[in-house]
Each structure stands twice: as C-alpha cells, then as structure tokens.
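Residue numbers (my numbering), protein chains in the order written: chain A, 1 to 110; chain B, 111 to 476.
Calculated directly from the structure, the hints in this document are not laboratory data.
Careful: at least some of the hints might be erroneous.
[As the list claims (entries may be wrong)] Straight-line alpha carbon distances no greater than 20 Å define the calculated EDC-like cross-link-like pairs of lysine to aspartate or glutamate that follow:
1) B/Lys166 / A/Glu86
2) B/Lys471 / A/Glu72
3) B/Lys425 / B/Glu465
4) B/Lys471 / A/Asp32
5) B/Lys462 / A/Asp17
6) A/Lys80 / A/Asp32
7) B/Lys425 / A/Asp32
8) B/Lys320 / B/Glu238
9) A/Lys34 / B/Glu238
10) A/Lys34 / B/Asp429
11) B/Lys269 / B/Asp241
12) A/Lys34 / B/Glu424
13) B/Lys121 / B/Asp256
14) B/Lys143 / B/Glu278
15) B/Lys269 / B/Glu235
16) B/Lys425 / B/Glu278
17) B/Lys335 / B/Glu370
18) A/Lys34 / B/Glu370
Treat the numbers as computed from the prediction; the structure is a model and nothing was measured.
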Amino acid sequence: MEQPLTKLFDQQVGNLDQAHVNLLYWSAMAEDRKMRYNITNAFDDLKYLQHTRTKQAVYAYIEALRVCCLLEIREEGNKKNLYITEYGARALETLVNQGYTLQPSHFLGG
Amino acid sequence: MLIGIGGAGSKLSSTFDGGSNVVINISEAELNKAKAAQRILAVVHSGRGKREGAKKNPEIGKTAFISIKDQLEDMVRGNTVITSTGGGTGMGITWKVLESIAQKDDVPEEEKTTFILVLPYADREPSEYVDNTIQFISQPVSWAIDSGNTGNVFLVSNKEKFVNRMTEAEFNGLIARRFNAFFQIPAKCEEHASLEGHIDREDFSLYLSKPYFNYFVDFDYEHKKPLDEQLASNTNRLMLEPDTPLEAMFLLEVPNHADERMFYDVLDHFESRNVVPIYAVVRNPNLQVPHLTLSLLYARKPHDLVNDFIRISEKRTRDKIRKSIEQHGTFGPKKVNLEQEAMKEAMKAGKKEDEVISVLKRIGKL
Ligand SMILES: Nc1nc2c(ncn2[C@@H]2O[C@H](COP(=O)(O)OP(=O)(O)O)[C@@H](O)[C@H]2O)c(=O)[nH]1
Chain A
1 MEQPLTKLFD
11 QQVGNLDQAH
21 VNLLYWSAMA
31 EDRKMRYNIT
41 NAFDDLKYLQ
51 HTRTKQAVYA
61 YIEALRVCCL
71 LEIREEGNKK
81 NLYITEYGAR
91 ALETLVNQGY
101 TLQPSHFLGG
Chain B
111 MLIGIGGAGS
121 KLSSTFDGGS
131 NVVINISEAE
141 LNKAKAAQRI
151 LAVVHSGRGK
161 REGAKKNPEI
171 GKTAFISIKD
181 QLEDMVRGNT
191 VITSTGGGTG
201 MGITWKVLES
211 IAQKDDVPEE
221 EKTTFILVLP
231 YADREPSEYV
241 DNTIQFISQP
251 VSWAIDSGNT
261 GNVFLVSNKE
271 KFVNRMTEAE
281 FNGLIARRFN
291 AFFQIPAKCE
301 EHASLEGHID
311 REDFSLYLSK
321 PYFNYFVDFD
331 YEHKKPLDEQ
341 LASNTNRLML
351 EPDTPLEAMF
361 LLEVPNHADE
371 RMFYDVLDHF
381 ESRNVVPIYA
391 VVRNPNLQVP
401 HLTLSLLYAR
411 KPHDLVNDFI
421 RISEKRTRDK
431 IRKSIEQHGT
441 FGPKKVNLEQ
451 EAMKEAMKAG
461 KKEDEVISVL
471 KRIGKL
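Just chain A, same shape as in the assembly:
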C-alpha cells in the first residue's frame, strides 16, 4: 500500500508549477505570522508577479491544490482563507529541496 501512495504523491508534486509553489509558501508564511491569506490576496500576488491576469486562473490553481489535499480552504467570516495542509507542507519541502525558488508575496510585504 505504501509504495503506490508514495508514487502518487511524487507525481502530484511533480505536476505543480511555480504559481502552486508560491501559493503553498504564502499560505504557510501568513499562518506563521498569524495573518490570514485569502483568495483575493492570492489573485493580487499572482497578478503582481505576472503569473496570470484572471481570477479564474487563480481559482484553478487553488482548486488543483485543494483536490490534492495540499491546501485547505476555510470560510472565515465571509472570506475564503487558505491554509497549507500537512501534505502540502511535505510537498513544499520536497519542492524547495528540488531547487524551486520562493517568490515574495506583495501582500505579506516581500
């Protein structure tokens, strides 16, 4: 059982790109600073870094992460806030070790 699951995890992680990595990273940083990072912040940040210009694309990035259980979306007082999951943390760790760069979030102040 352990073997195919590890393989699945590796495949999922292998399909992520820079925008996904950023979202995982920013969610974690925000949580660590006791801030909330929501979908609108994600849209602003990804737009700023010219990953996309549409909110739909941001939804798609987030949805992909959510379906793979790497990111959790919590409704907190009208806002949909993003939280990295334990799986997400492992994915981010793997990606960082593979040499992905972490881009600064404008919202979180660089």
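Once you've looked at the hints, dock chain B with the ligand against the given chain A.
Chain B with the ligand only, in chain A's frame:
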C-alpha cells in the same frame, strides 16, 4: 472533581486536595505515571500521538477528543478542568470542550465548568507554547467567556517557576497550596465560629459559576495598613494580574481576642470601587495574626491578554533577527530598519528556502 488533561494538567491535578481527580492523556505511559482516582486514555488513530504524545501539536489533542467526547462532556459538568495552554494534548482537548460549551444555548449554574489554565512564561519557553497559547486564548477561551456559559477561568503563569529556578514538583506544590487555600473557603466557614457574614457551599459554587476570570490571593492581614497597599505588596505572582474587579469575595480569619471589626476596612475598600463582595469573618483560634483570603472576578478581554503574548513573541523574533545581523556583521548598529534589512540580507543569502522548512515546522504542518 478535578479533571487534569495532558502532561501539566495530570501532574497538577494530583497535587490538589479535595476529592477525586481524573486524568486524561493520549499516551498510555504518561497516563500510568499520574496519581489519579480515574484514568482515561484518549485515542489518536494516526499512530504518531500514541507513540510520542502530541509533540506540541494541538491538532492531535483535538482529534483525540473525538474518542472521549461524550464521556468528557458529561464529566466536565459542574467540575473543574486543569490544563496547560502551551502543549498539544491538554490544550487541544480543552479547545474542543470550550468550543462545545460556547455553542450551547444555556448552561445552568450548577453545571458550569471552571477552568484552571497554566500559561507558559513567554520569555523562556519555546515559541510553539507561546503561539499555541495565543491561538487558544483568542479563540475557544474567548468564545466560551463571551457565551457566558463557563464558570470562572483561572489564569496561572509559569513565570515564577523560571524566575525562582524552582523544580517542577516544588512549583506544582506551590500552585496546589494556593488553590487549596482558596477552595477551602466554605470548609473553613463550616469549621470555625462565624462572626460576620457567611459563605456556604452554595454561595461559593454560585461565585465559581460566573463567566469571569478569577484572581485570588491570601496573606496575613495588617489591621492598620490600607488594603490597597497590602494588596500591592501581596500580589499572587502565580496568577496573571487582574483588571478592575466586577465582583469580589473574601474570608477574614481572626485569632482569639482580635477585634473582628477590622473587616469594615475591607468592605470600605470595595465600596470605593463600587463592588459589593460576599464575605465571611470567622474566629480561627489556631492563628496568631488575622489572615485574609480574597478573590476578584474581572473581565479582562482575552484579546488584551493575547496582545501581551504577541508583544513578547514579536519582540523575540526581532531579537533573533537582530542577532543574526550582528553575526553577519554587515550592518552597523545605526541602520534605520534593522528587521527589513535583515530580511533582505537573509533572502539574498538564499535563506528563504531554509526558513520555509522551519516555518512549516513551527506551524505544526511538518
Ligand atoms: N506548572 C507546570 N507546568 C508544566 C508542567 N508540565 C508541563 N508544563 C508546562 O505545560 C506546557 C507544555 O504542555 P504539556 O502539558 O506538557 O503538554 P501536553 O501533555 O501535550 O498537554 C509548557 O508551558 C510547560 O512549561 C508541570 O508539571 N507544571
């Protein structure tokens, strides 16, 4: 009945007098170490908790709560829960208890739960403990107090343990002695000859059932000295400082031949603060000098409390950054914004990638 949850809760519960205690933990080994009338093992299915405890991760406590939900919710009615706010087991399980209390429509007075919460000393304890405490106070504790469904909440601080370099056993003994003195108020009223006022078990329970923070202290009362001064020099350093009192209770024990009318001075003190305390004055022939046990109920907003912790936590981060700059030696001490410069420097050096791993660990995800 006293219900001790997690490591600190279990150890402390067995040092308190009076009736039976129940201990709850997710680690069987820890559970068996505790002295208790009853032991409850909460189960975590991940396997990780079972082997190594909650490792400061409250999510494990919250999950473990599910396995004992009905039994525990039943048990806390009209009783006292004691836990630390920093760890994973006691805090995680108590989080769920508070959450469920906060969601109730109404809790009758006799079913209110009182909480003794042991806060870390933010200057010396790991940041996970401090961060857990911030979450805990700003969320479930605050919800439960706001709902009006809890009884008194006692906020104990571990500061004195560190300041006085005490052993854990010594410090727990000290906490227990202070609490025992307070909880003995109705028993002392029964035991000794009553002179003025009265506090019976029902009065005491009613007082405990109010949804406020409780601060108490006991000291030898000096008749001639203003009470303000005495309170200022006899603070209970084991507890967080109180805010303006909303209600109060005191027991004055006077030795043989002493004039019990000194209790009017205590009443005057409260009158000037618009508080009408419940009180009792008894003759205790075992004493040489008068002794006052006094409790205040206050409603300091939990977010003020949290702010104190956040301030300390932020200061610590700043200090760390400052230290790292000093080590890099790139900047003179006169630079305007040290933090920003440090961040930039850390990023230039590719530290961001290393930092993220520690961030993930710090938020309990890795
Ligand atoms: N006063 C006191 N504090 C303790 C004791 N044991 C642990 N703590 C404090 O409790 C916090 C850690 O939580 P702990 O109860 O050990 O974790 P848990 O078992 O996961 O709930 C830290 O702030 C410790 O300083 C104890 O015996 N007495």
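(message) If you test the structure against every hint from before, which numbers come out violated?
(response) The structure conflicts with hints 8, 13, 16, 18, although it agrees with all the remaining ones.
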